[in-house]
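Guided by the hints, dock chains B and C onto chain A, whose structure is given.
Protein chains in written order, with the numbering used here: chain A, 1 to 206; chain B, 1 to 233; chain C, 1 to 260.
Hints were generated in silico from the structure; no laboratory data involved.
As the structure is a prediction and not an experimental result, all values here were calculated from the model.
Virtual Cβ for every residue (Gly too), placed ideally from N, Cα, C.
Among these hints, one or two may not hold up.
Heads up, simulated DSS-like pairs for lysine-lysine below, C-alpha to C-alpha not over 27 angstroms straight-line [to be verified]:
1. A:95 to A:106
2. B:155 to B:116
3. A:167 to A:106
4. A:101 to C:164
5. A:95 to A:108
6. B:200 to B:116
7. C:147 to A:95
8. A:95 to C:164
9. A:184 to A:30
Which chain C residues face chain B? A few, computed with CB under 7 angstroms, are given here [as the list claims (entries may be wrong)]:
10. 97
11. 101
12. 102
13. 118
14. 121
15. 225
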Amino acid sequence: MIELNVRVEVGEFRLSAELQGNGTICLAGKNGTGKTTLLRAIAGLLPVAEGFVKVGGADVTDSSVEERDVVLVTPSTCFPRLSVDSHIMWGARLKGLRPEKEYLLKVKSELGIDYGGTVGSLSRGMRQRVALATALLSSPRAILVDEAFLGLNDREAFVSTYSKHAKEAGVDVVFSSQDEADGKLADYLFVLNNGLATARQRKTSS
Amino acid sequence: MVVAYSNATMSNSAASNIVSLGQTAEKSNATSDWNSFYTALTSGSVKVGISNPVADPGGLRGWLVLEAAGYLYSGGNQSAYSSLLLKAQGNVTGTSSAALVAPLQSGQIQFLLIYKSAAISDGIGYVSLDEHVNLSNASLAGYYSMFSYTDSAGKTSGAPIVLVVTVPMSSANTAEALEFVQYLVRNMGSLSAYGLVIPKTALLYSSLSSASGLPQPIQALLSQGLLVQKGPV
Amino acid sequence: MNWLRLISIASLLLLLVPVFVLLYYGLGPFRDAAGFSTQVFRSIELTLFSSALAVVADFILFTPLAYYLARGNDRITESLVDIPVSVPHPIIGVALLILDSPVTPTGQFLLSLHINFYNTILGLVTALVIMSAPIYVKSMQPYFESKDPSSEEFAMGMGASRLKTLYSIVLPNSYDGLSSASLIAMSRALSEFGSISIIAFYVLQFPFYGVSPASVTIYEFFSGNMSGGLNAAVSASAAMILVAIPITLAGHMIRKRNGR
Numbered sequence: 001m002i003e004l005n006v007r008v009e010v011g012e013f014r015l016s017a018e019l020q021g022n023g024t025i026c027l028a029g030k031n032g033t034g035k036t037t038l039l040r041a042i043a044g045l046l047p048v049a050e051g052f053v054k055v056g057g058a059d060v061t062d063s064s065v066e067e068r069d070v071v072l073v074t075p076s077t078c079f080p081r082l083s084v085d086s087h088i089m090w091g092a093r094l095k096g097l098r099p100e101k102e103y104l105l106k107v108k109s110e111l112g113i114d115y116g117g118t119v120g121s122l123s124r125g126m127r128q129r130v131a132l133a134t135a136l137l138s139s140p141r142a143i144l145v146d147e148a149f150l151g152l153n154d155r156e157a158f159v160s161t162y163s164k165h166a167k168e169a170g171v172d173v174v175f176s177s178q179d180e181a182d183g184k185l186a187d188y189l190f191v192l193n194n195g196l197a198t199a200r201q202r203k204t205s206s
Numbered sequence: 001m002v003v004a005y006s007n008a009t010m011s012n013s014a015a016s017n018i019v020s021l022g023q024t025a026e027k028s029n030a031t032s033d034w035n036s037f038y039t040a041l042t043s044g045s046v047k048v049g050i051s052n053p054v055a056d057p058g059g060l061r062g063w064l065v066l067e068a069a070g071y072l073y074s075g076g077n078q079s080a081y082s083s084l085l086l087k088a089q090g091n092v093t094g095t096s097s098a099a100l101v102a103p104l105q106s107g108q109i110q111f112l113l114i115y116k117s118a119a120i121s122d123g124i125g126y127v128s129l130d131e132h133v134n135l136s137n138a139s140l141a142g143y144y145s146m147f148s149y150t151d152s153a154g155k156t157s158g159a160p161i162v163l164v165v166t167v168p169m170s171s172a173n174t175a176e177a178l179e180f181v182q183y184l185v186r187n188m189g190s191l192s193a194y195g196l197v198i199p200k201t202a203l204l205y206s207s208l209s210s211a212s213g214l215p216q217p218i219q220a221l222l223s224q225g226l227l228v229q230k231g232p233v
Numbered sequence: 001m002n003w004l005r006l007i008s009i010a011s012l013l014l015l016l017v018p019v020f021v022l023l024y025y026g027l028g029p030f031r032d033a034a035g036f037s038t039q040v041f042r043s044i045e046l047t048l049f050s051s052a053l054a055v056v057a058d059f060i061l062f063t064p065l066a067y068y069l070a071r072g073n074d075r076i077t078e079s080l081v082d083i084p085v086s087v088p089h090p091i092i093g094v095a096l097l098i099l100d101s102p103v104t105p106t107g108q109f110l111l112s113l114h115i116n117f118y119n120t121i122l123g124l125v126t127a128l129v130i131m132s133a134p135i136y137v138k139s140m141q142p143y144f145e146s147k148d149p150s151s152e153e154f155a156m157g158m159g160a161s162r163l164k165t166l167y168s169i170v171l172p173n174s175y176d177g178l179s180s181a182s183l184i185a186m187s188r189a190l191s192e193f194g195s196i197s198i199i200a201f202y203v204l205q206f207p208f209y210g211v212s213p214a215s216v217t218i219y220e221f222f223s224g225n226m227s228g229g230l231n232a233a234v235s236a237s238a239a240m241i242l243v244a245i246p247i248t249l250a251g252h253m254i255r256k257r258n259g260r
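This is chain A alone, in the form it adopts within the complex (with noise of 0.2 angstroms):
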């Protein structure tokens, strides 16, 4: 669960947004308007002018980075020199967490990661691939994605088997998307428009 009622502050855009979700939520709106100033706040990169951000029942408003165990994931988000699978498990092995074997492998099947070697060495959208299920295997309170759907070939695919896993795993999603048609791979769609968030209904349960 996401709750939040935050003005944000940068420079002279003023951000103004209040939301609550769980499950997969879709941030949509034109460019400019503040989609990734929201999720950076979220991340608790940026800091919070007035409000509170609350992840997973608990209140981050004033947490770390580090501590608020929430992942940003964006397109030029990799280490480029480790290995696919040491990749994937960096997050996990940090917190001493010991994902299955199995778990890897089916993951990486379902998210479509079949090369080897070094991230580095991979395709954009493979990066991207590999980013989000090293943040999935990190098991954090919600993983953030900005843009980082974005160029993947079955994107549609792509984001609703990834809800899946995150669903089983109890990580809530939040994605950015400049069209708002996006809404329908989620459960949750919020509207940006110049700084304000407004919110739809949720989604028919599927």
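What follows is chains B and C alone, placed relative to chain A:
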């Protein structure tokens, strides 16, 4: 020449021990006491500053002092103390003995072989050495010449330390400089406060065949009996 | 006619005139065997060895600081880093002398740990670290700033501390920045004189017993404290330049290669 030490030296137990040995030897002037002093000094348990003989005559004289001491207190063995010091790697060098005063005061070295006048003007303590060792007595010139130091610059024999002053004829303020020389000769008694041995009359070293070639102010000092020609340069 | 380029090259040549003069005279008309003697080469060895050690120490001790300044906003700390190079260098030498003096509490403490700076390799390297760390930090900080922080934020989101992120994620991807900063810090250390002429005029430890750092040796030749005079000083300087220039150039080439 003296063996100087500082307040920092006294806080080092081995060094303050050596200072007491030195003070005992100063009073008794006994060979055995001096031998104890020099042996302890050069044993390597303390650092002894002697400046680079090639760069600084003070350093060369420091080594000559050790030679003279070895001859006098160690049964005629000139290199007794100097070779001990070298073997124990107890000596520390520097560009000049003046450059070693700061390390002496801050305690990085415990003793320094330096001119008595420098020790007095720097306000540091010292052990006075016997005149057969400290190169101070002009009449012991022959004795001092028994000891020598050889290095890349050649062989230098021991000699009494004499402070001389000269005015280069090509200098810019010759007249004022010669006035200063006159002042110095007339007031040299005040230099005894710095441990310098003052001759009854100042001595002139000149290679000119007759006094008439000398600068006027110098001739004046000669005729007033304040200056006496000693020999050629 | 590209005047900007012309003026730039001309001003650069002006800057390099002393170096060219030394190389020409040192290898030519003023050439003196003393300038290429064992003593000089041992000095150059000592300088290279101690500078390399200083740079390793810079890396270990000051990389975290550079990263901290790059990712933070601490203007005060940033300006404090420059202090050692804003004071006349002999002051640093004197400070180390006093720090290490048995009459001060710090000196007594260091003595109890058998730490001695005067005329030791440790003292020499310590002075070099103090003098080269600021430029190391000044070089690594903008490098870190220019890196895309999203991977670091990714790691921190998964629970990695800033320090862990630095060691696991940032450094393994910073070899080019590290080599460039290290070489620049190394040239700084190679050229140091004021502080080391006081604290380590010469070194009294194996394997450099009785060896002075190169800058001190050259100074001693010049000031007549070592026989050889001007010619030896010029020749030794030429020898030193031939050693130092490749290192400096390498540092800057690596920078250029990464478009920085």
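Hint check results:
1. Distance restraint check for residue 95 of chain A and residue 106 of chain A: the Cα-Cα separation of roughly 21 angstroms lies within the 27 angstroms cut-off, and the hinted pair is therefore satisfied.
2. In summary, the hint linking residue 155 of chain B to residue 116 of chain B is supported, as the alpha carbons are separated by about 25 angstroms, within the 27 angstroms threshold.
3. With a C-alpha separation of about 16 angstroms, the suggested pairing of residue 167 of chain A with residue 106 of chain A holds against the 27 angstroms cut-off.
4. For the hint pairing residue 101 of chain A with residue 164 of chain C, the CA-to-CA distance comes to about 26 angstroms; that is within 27 angstroms, so the pair holds.
5. Between residue 95 of chain A and residue 108 of chain A, the direct Cα distance comes to roughly 20 angstroms. Compliance with the 27 angstroms bound is thereby established for this hinted pair.
6. For the suggested pair residue 200 of chain B and residue 116 of chain B, the alpha carbons sit about 20 angstroms apart, so the restraint of at most 27 angstroms is met.
7. Between the alpha carbons of residue 147 of chain C and residue 95 of chain A the distance comes to roughly 26 angstroms, so the proposed pair stays at or under 27 angstroms and holds.
8. Annotation: proposed proximity of residue 95 of chain A to residue 164 of chain C holds, straight-line Cα distance about 13 angstroms (limit 27 angstroms).
9. A distance of roughly 17 angstroms separates the Cα atoms of residue 184 of chain A and residue 30 of chain A; the hinted pair therefore holds under the 27 angstroms criterion.
10. Hint on residue 97 of chain C holds. Least Cβ distance to chain B is approximately 5 angstroms, under the 7 angstroms limit.
11. Because the smallest distance between the Cβ of residue 101 of chain C and any Cβ of chain B comes to about 4 angstroms, under 7 angstroms, the interface hint for this residue holds.
12. A hinted interface residue such as residue 102 of chain C counts as satisfied when its beta carbon comes closer than 7 angstroms to some beta carbon of chain B; here the least separation is about 4 angstroms, so the hint holds.
13. Of the supplied interface hints, the one on residue 118 of chain C holds, with its beta-carbon coming within about 4 angstroms of a beta-carbon of chain B, less than 7 angstroms.
14. Because the closest C-beta pair between residue 121 of chain C and chain B is about 15 angstroms apart, greater than 7 angstroms, the hint is violated.
15. Given the 7 angstroms rule on beta carbons, the hint for residue 225 of chain C holds: about 4 angstroms separates it from the nearest Cβ of chain B.
Hint 14 from the earlier list is the only one contradicted by this structure; the remaining hints agree with it.
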